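Protein sequence lines, in the order shown, are assigned to chains A and B. If you're matching positions, the first sequence starts at 1 in my numbering and goes up one per residue. If you're matching positions, the second sequence starts at 1 in my numbering and goes up one per residue.
Since the hints were made in silico from the structure, they are not lab data. One or more hints might be untrue.
With the Cβ distance kept under 10 Å, some of the chain B side facing chain A (calculated, not the full set) [said to hold, decoys possible]:
1. 74
2. 118
3. 141
4. 206
5. 264
6. 330
Pair by pair, the computed Cβ-Cβ distance ranges are [unchecked claim]:
7. A:389 with B:6: 44 to 52 Å
8. A:381 with B:6: 28 to 36 Å
9. A:287 with B:21: 44 to 52 Å
10. A:381 with B:230: 56 to 64 Å
11. A:178 with B:5: 44 to 52 Å
12. A:167 with B:270: 53 to 61 Å
13. A:386 with B:66: 34 to 42 Å
14. A:466 with B:66: 47 to 55 Å
15. B:55 with A:466: 45 to 53 Å
16. A:187 with B:297: 23 to 31 Å
17. A:174 with B:297: 55 to 63 Å
The structure presented is a predicted model; accordingly, all values stated were derived computationally and were not measured. Glycine included, each C-beta is placed from N, C-alpha and C at the ideal position.
Single-letter residue listing:
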Amino acid sequence: MDRAVDRRRPLSRTRGSGRLGSVLLVAVPVMFLGYFFVYPVVTIIVTGLAPDGRLDLAPFGAVFGRPSLLGVAWFTLWQAIASTLLTLLVGLPGAYVLARYDFPGRRLVRAGVTIPFVLPTVVVGSAFLALLGPGGPLGVDLRRTVWAILIAHVFFNYAVVVRTVGSYWERLDPSLEQAARVLGANRWQTLREVTLPLLRPAIASAASIVFLFTFTSFGVILILGGLHHATIEVEIWRQATALLDFPVAAALAVLQLVGVSAILVAYSRYQQRRSHQFRLRSAATARRPTGWGARLVVAANLGFMAVLLGTPLLVLVYRSVRTPSGLGLAFYRGLTERTGSGLFVPPATAIGNSLRFALLATVLAVVVGLLASAVVAYRRGVAARTFDALLMLPLGTSAVTLGFGMLLALDVPVDLRTSLWLIPVAHSLVAIPFVVRTAVPVMRSIQQRLRDAAAVLGASPGRVWREVDLPLVARAGLVGAGFACAVSLGEFGATSFLALPTNPTLPTAIFRLLGQPGAATFGRAMALSTLLMLLTGLAVLLIERVRVGKLGEF
Amino acid sequence: MLECRDITVRFDDHLALAGVDLTVPGGAVVAVMGPSGCGKTTLLRVIAGLQRPATGTVAWDGEPLDAVPTHRRGFGMMFQDHALFPHRTVAGNVEFGLRMAGMAPADRAWRVAEVLDLVGLAGYDDRSVADLSGGEQQRVALARTLAPSPRLIMLDEPLGSLDRALRDRLIGEMRGIFAGLGITVLYVTHDQDEAFAVADRVVVMRAGTVERQGEPEELWRDPGTEFVARLLGAGAIVTASVTGGRADLGWTIVAVDLPNGVHRVLVPAPAVTLDDAGPVDGEVLANVYRRGGFDLWVAVGHDVLETRSPVRIPIGSPLRLRIDGTALVRLAPSG
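Input sequences plus hints: build the corresponding full structure.
This is the structure in structure tokens:
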């Protein structure tokens with residue numbers, strides 16, 4: 001009954017923690033993030049605002065003065081809004097069906113819906129190029145139109161809406177809707193007056209995520225839009241790598257940072273303001289569809305999912321085996337040849353590179369991420385909360401900004417810019433927020449009571465950690481490792497600055513191949529994309545196998 | 001024998017325990033009861049060594065335990081909501097304390113089987129604790145606590161989340177297990193039925209202090225203070241002006257065994273009888289069917305008396321009562 005007691009700082013913890021260990025726990029993640037993330041981002045801001053060491057707004061003047069750059073900003077904004085609205089439009093019915101109806105294969109559909117979201121952007125770009133580009137099975141060429149981009153964005157983010165809104169919808173107590181019906185509301189009124197207002201936090205959350213992803217979209221736009229449609233992210237890359245105009249690229253990066261921060265601040269304000277906590281059921285509320293209407297709704301949505309999510313991937317695989325001499329593996333064999341690839345090495349070497357980088361990035365992300373999680377989960381006060389916010393910043397910082405910043409900044413104390421080490425470091429920075437978001441809730445959910453119970457049963461403080469905390473945290477670490485591995489395999493934005501043509505990763509090799517003319521090269525790009533898709537799938541499978549029930553916030 | 005002397009615990013500006021003394025004789029079952037927030041759980045945590053007191057000492061058989069960490073105290077504790085380890089099976093939970101004590105695997109298996117049999121869960125070894133019902137989880141928690149044969153076991157609202165019928169059954173079973181093993185038990189609950197059913201001795205706590213303690217019958221017969229009388233629901237509490245063995249209750253005068261003066265007194269329900277020729281006029285305020293008869297609340301003057309009736313009497317009915325003045329119990333005033 002005296003629940004207040006459990007919130008107090010327990011004796012055993014203060015007694016058991018050593019000073020040195022405690023300092024290391026904080027110092028390692030802070031130094032890692034400080035040098036590899038904060039320092040590069042600050043360097044970008046300085047380059048944008050004071051290219052020659054004193055305040056100079058010329059780069060910003062250039063951005064606002066050039067119609068082409070203003071056009072980029074405008075396109076970035078409106079395509080993000082359009083993508084978000086379209087994704088909500090098709091995603092909400094899908095969320096409803098998966099939340100409220102039970103049917104054979106429901107779990108499989110749910111898992112399947114998530115696949116596009118974890119696919120590398122380069123694979124998504126390739127798949128839509130295969131589907132909607134020249135020589136595609138539909139016979140249309142939507143390449144360089146905004147439609148290809150919007151459809152690819154919907155494909156990519158459909159899962160965000162279905163998972164975020166769906167899991168909330170599922171736990172929404174149906175008796176609230178039933179009460180509205182009993183009080184005389186028809187289906188439409190119930191939806192408008194009860195369901196949608198209750199879902200608003202989840203919808204807002206999903207919309208913010210989709211907007212952020214599409215606002216900073218890079219790989220998909222670069223592949224499908226060419227130079228006709230560029231987001232700020234693409235333009236930063238072009239200014240920095242093709243035109244070598246670092247101050248303008250930095251100014252664009254600063255503008256994008258401001259935009260992203262504004263969205264994040266507005267979103268967190270909104271989430272704080274919603275005060276009414278209502279009943280959520282932990283049990284599932286799904287039931288079998290009864291009647292023709294319900295069956296039709298379920299069937300229509302499942303059919304739509306199959307077409308939207310299945311077609312591009314099937315076409316990708318198909319075009320990787322459709323050789324001029326019939327179906328075969330010629331394109332896969334062609335990966336061992338350097339000719340015509342636009343690379344200095346055979347494309348197949350990218351597989352080994354990517355796997356090595358993924359291994360390093362995973363180790364870095366899990367070690368730094370778990371140390372950081374321990375700080376966030378076990379410590380209280382302003383410092384811990386600030387640290388928590390710092391850890392989330394890489395999520396809000398675009399990958400291109402990160403890669404560009406590293407390229408600008410990391411020449412002191414030693415020049416790391418051409419070091420291959422920088423690639424896994426950059427990947428781990430992108431993955432750390434995922435590791436932290438997986439591990440912190442697990443660490444927090446370990447009730448103090450369990451540790452107390454172990455102590456009363458005779459376990460010393462060290463033994464308590466080993467017997468109670470470790471087994472639960474280890475699983476979260478494994479899930480985090482799967483995330484980190486998938487992120488590293490597919491990371492393209494930062495890598496495009498850091499990978500040399502002699503050491504391509506899978507995404508940069510695919511991008512290079514797509515940039516070369518010829519059907520054979522295109523086929524090889526499809527083959528490499530298919531391989532990358534399979535590797536990412538393996539990493540995600542690992543996550544799903546380890547994760548029993550719902551672990552973490554993803 | 002457990003002895004706690006002058007235990008004080010302060011959380012920020014809130015005094016959770018204010019100088020508590022408590023003695024639990026070896027082999028006795030002592031229940032600590034009181035409303036939410038009275039400090040019961042904090043007291044257990046101090047005894048277990050999970051909470052360091054600002055002042056006071058805990059001693060076992062005369063040996064102070066203040067410098068002994070939790071895991072070396074040799075006490076067992078059953079937590080509210082059981083705190084079973086979700087990542088271990090039933091047997092994994094029960095053998096935990098035995099492993100910590102360094103018992104050999106073969107001995108552990110034997111002891112686990114023995115204890116699971118004792119709580120009626122023989123054969124449950126490999127079940128996941130998540131799949132158990134509330135009652136089964138409670139039994140596993142009890143088995144886990146008993147397995148290392150602690151010299152004292154503490155139970156913190158062990159039946160808190162269970163339904164009434166199951167609670168009644170488990171109270172009986174636990175009572176049997178405690179008596180059979182002859183162990184020393186400290187049992188914390190907010191439920192007086194539970195406390196009275198399980199304990200040899202009951203300690204009533206209030207706002208971080210011990211208000212009263214005694215054997216169950218003694219407490220029921222003489223609650224001592226208004227707080228305890230209300231907590232036990234022992235009857236109505238009224239003011240009596242006593243002069244020369246006669247008490248004026250405001251609406252009647254009865255012969256009593258009390259000294260002269262103005263007192264707060266308890267009117268136990270059995271002291272109030274329905275009698276058409278009785279001297280007291282009342283009106284039925286509420287009636288509740290319970291265990292084969294009706295509990296009646298009767299408005300008399302500005303007071304509300306409690307009594308029992310074998311038949312339903314409609315709310316608002318006038319009736320006449322007789323009060324047995326010799327059954328009135330004097331209470332010490334308490335705010």
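These are the hints, each one checked on the structure:
At a threshold of 10 Å, the smallest CB-CB gap from residue 74 (chain B) to chain A is about 8 Å, leaving the interface hint in force. Nearest Cβ of chain A to the Cβ of residue 118 (chain B): about 17 Å, over the 10 Å cut. The hint is violated. Checking residue 141 (chain B) against chain A: minimum C-beta separation of about 9 Å stays under 10 Å; hint holds. Given the 10 Å rule on beta carbons, the hint for residue 206 (chain B) is violated: about 13 Å separates it from the nearest Cβ of chain A.
With 10 Å as the threshold, the beta carbon of residue 264 (chain B) stays out of range of chain A, its nearest partner Cβ sitting at about 28 Å, so the hint is violated. Given the 10 Å rule on beta carbons, the hint for residue 330 (chain B) is violated: about 31 Å separates it from the nearest Cβ of chain A. Judged by the Cβ atoms, the range 44 to 52 Å given for residue 389 (chain A) and residue 6 (chain B) holds: they are separated by roughly 45 Å. Take residue 381 (chain A) and residue 6 (chain B): their Cβ atoms lie about 33 Å apart, and the range 28 to 36 Å holds.
Between residue 287 (chain A) and residue 21 (chain B), the C-beta spacing of about 59 Å breaks the proposed range 44 to 52 Å. Checked against the hint of 56 to 64 Å, the C-beta distance between residue 381 (chain A) and residue 230 (chain B) comes to roughly 42 Å, which is inconsistent with it. Separation of residue 178 (chain A) from residue 5 (chain B) is about 59 Å and departs from the stated range, judged on CB atoms against 44 to 52 Å. Distance hint check: the CB atoms of residue 167 (chain A) and residue 270 (chain B) are about 58 Å apart, consistent with the given range 53 to 61 Å.
At roughly 38 Å, the beta-carbon separation of residue 386 (chain A) and residue 66 (chain B) lies within the given 34 to 42 Å, and the hint holds. Distance hint check for residue 466 (chain A) and residue 66 (chain B): the Cβ-Cβ separation is about 27 Å, which falls outside the suggested range of 47 to 55 Å. At roughly 34 Å, the beta carbons of residue 55 (chain B) and residue 466 (chain A) sit outside the given window of 45 to 53 Å. Between residue 187 (chain A) and residue 297 (chain B) the C-beta distance comes to about 49 Å, which lies outside the given range of 23 to 31 Å.
Distance hint check: the CB atoms of residue 174 (chain A) and residue 297 (chain B) are about 40 Å apart, inconsistent with the given range 55 to 63 Å.
When each numbered hint is compared with the structure, violations occur for hints 2, 4, 5, 6, 9, 10, 11, 14, 15, 16, 17.
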